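Given the sequences, and given the hints that come with them, work out the whole structure.
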Amino acid sequence: AQSVTQLDSHVSVSEGTPVLLRCNYSSSYSPSLFWYVQHPNKGLQLLLKYTSAATLVKGINGFEAEFKKSETSFHLTKPSAHMSDAAEYFCVVSELDRDDKIIFGKGTRLHILP
Amino acid sequence: DTEVTQTPKHLVMGMTNKKSLKCEQHMGHRAMYWYKQKAKKPPELMFVYSYEKLSINESVPSRFSPECPNSSLLNLHLHALQPEDSALYLCASSQVVGTIAYEQYFGPGTRLTVT
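Residue numbers (the numbering used here), protein chains in the order written: chain A, 1 to 114; chain B, 1001 to 1115.
Honestly, the hints are just simulated from the structure, not real lab data. Note that the structure is predicted; figures quoted are calculated from it, not measured. Treat the hints with caution; some may be incorrect.
[Claimed, not checked] Computed footprint of chain B on chain A, listed as stretches where at least three residues anywhere in the stretch have a Cβ under 8 Å from a Cβ of chain B: (1) 36-47; (2) 102-108.
[Said to hold, decoys possible] Simulated crosslink set (SDA-like; lysine to any residue; CA at most 20 Å straight-line): (3) LYS1041/B to ILE103/A; (4) LYS1038/B to SER12/A; (5) LYS1041/B to SER12/A; (6) LYS106/A to LEU1078/B; (7) LYS1038/B to SER9/A; (8) LYS101/A to VAL1060/B; (9) LYS58/A to TYR1102/B; (10) LYS106/A to LYS1041/B; (11) LYS101/A to PRO1008/B; (12) LYS1036/B to LEU46/A; (13) LYS1041/B to ARG109/A; (14) LYS1041/B to THR5/A.
For each residue, glycine too, the CB sits at the ideal point set by N, CA and C.
And the structure:
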C-alpha cells in the first residue's frame, strides 16, 4: 500500500536562505512522485515530478528534488527562498499497480521571513 | 493552452437547491478528476473519469453526481447538500496511458458554501 508523509506541517525560513521540505513515501512497486504548490485560494500547480528517470529532478521557480530509494525520500529544496514562495506544498505519490491511487501528503506550509 | 477552467468561482447554495459545477480543459487530456479540499487540508479525491467513463468513485455520497459529457468537459451535479460539504472543489486533468501516474493540471477551484 502506498503512503506519503510530509515530516513538517510548517517550515519558516528567512528570505534568501535555503529551503528544505521533507517527504517520505512507502510504495510496494515503482512510484511516481510529485510536488505541487498551492497559493492561498488558488488551485495546485505542479512544481516537479519523478517518474523513474533521473533521480535529481529540476522543477520550476528554482526548486529541485532528489529521489532516494534507499531512504524512501523525495525532499524538495531551493537554494534561496523568495517571498513569493510562501505557500502550501504537497508531496504526492502515484503507483503503477492495479489499485491505481493518488495519495497526497498532509502538506507543509512554508513561511518566508523578511 | 495548459489551462483548466472552472465555473463558477464561488457558489452559495441552500440545502434544498440543485446546482452544478463545471470544468473544462482543451489539452487533449483523457483523464479528469474532482477533488474536495477543506481548509488547511490536502485535496481528497472524489471521482476520476478516464476516456469519459467513471473509473474511480471514492465512496462519495450520492448527493454528488459527476458527469463527463465529452472529453473536454466535466460536471459535478449537487443536490441536497449538507453544511459540511462546504469546501473548495478542484478539477484536474491529465494524460492517460493505462495509469493515473501522470502529472495533473488543476483548475482554480470553486468555493462552495452550503447554508
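Now for the hints, and whether the structure bears them out:
no., hint, in the structure
1, 36-47, "holds (count 7)"
2, 102-108, "holds (count 5)"
3, LYS1041/B to ILE103/A, "13 Å, holds"
4, LYS1038/B to SER12/A, "23 Å, violated"
5, LYS1041/B to SER12/A, "19 Å, holds"
6, LYS106/A to LEU1078/B, "27 Å, violated"
7, LYS1038/B to SER9/A, "16 Å, holds"
8, LYS101/A to VAL1060/B, "16 Å, holds"
9, LYS58/A to TYR1102/B, "17 Å, holds"
10, LYS106/A to LYS1041/B, "6 Å, holds"
11, LYS101/A to PRO1008/B, "28 Å, violated"
12, LYS1036/B to LEU46/A, "18 Å, holds"
13, LYS1041/B to ARG109/A, "11 Å, holds"
14, LYS1041/B to THR5/A, "14 Å, holds"
In this structure, the earlier hints numbered 4, 6 and 11 are contradicted, and the remaining ones agree with it.
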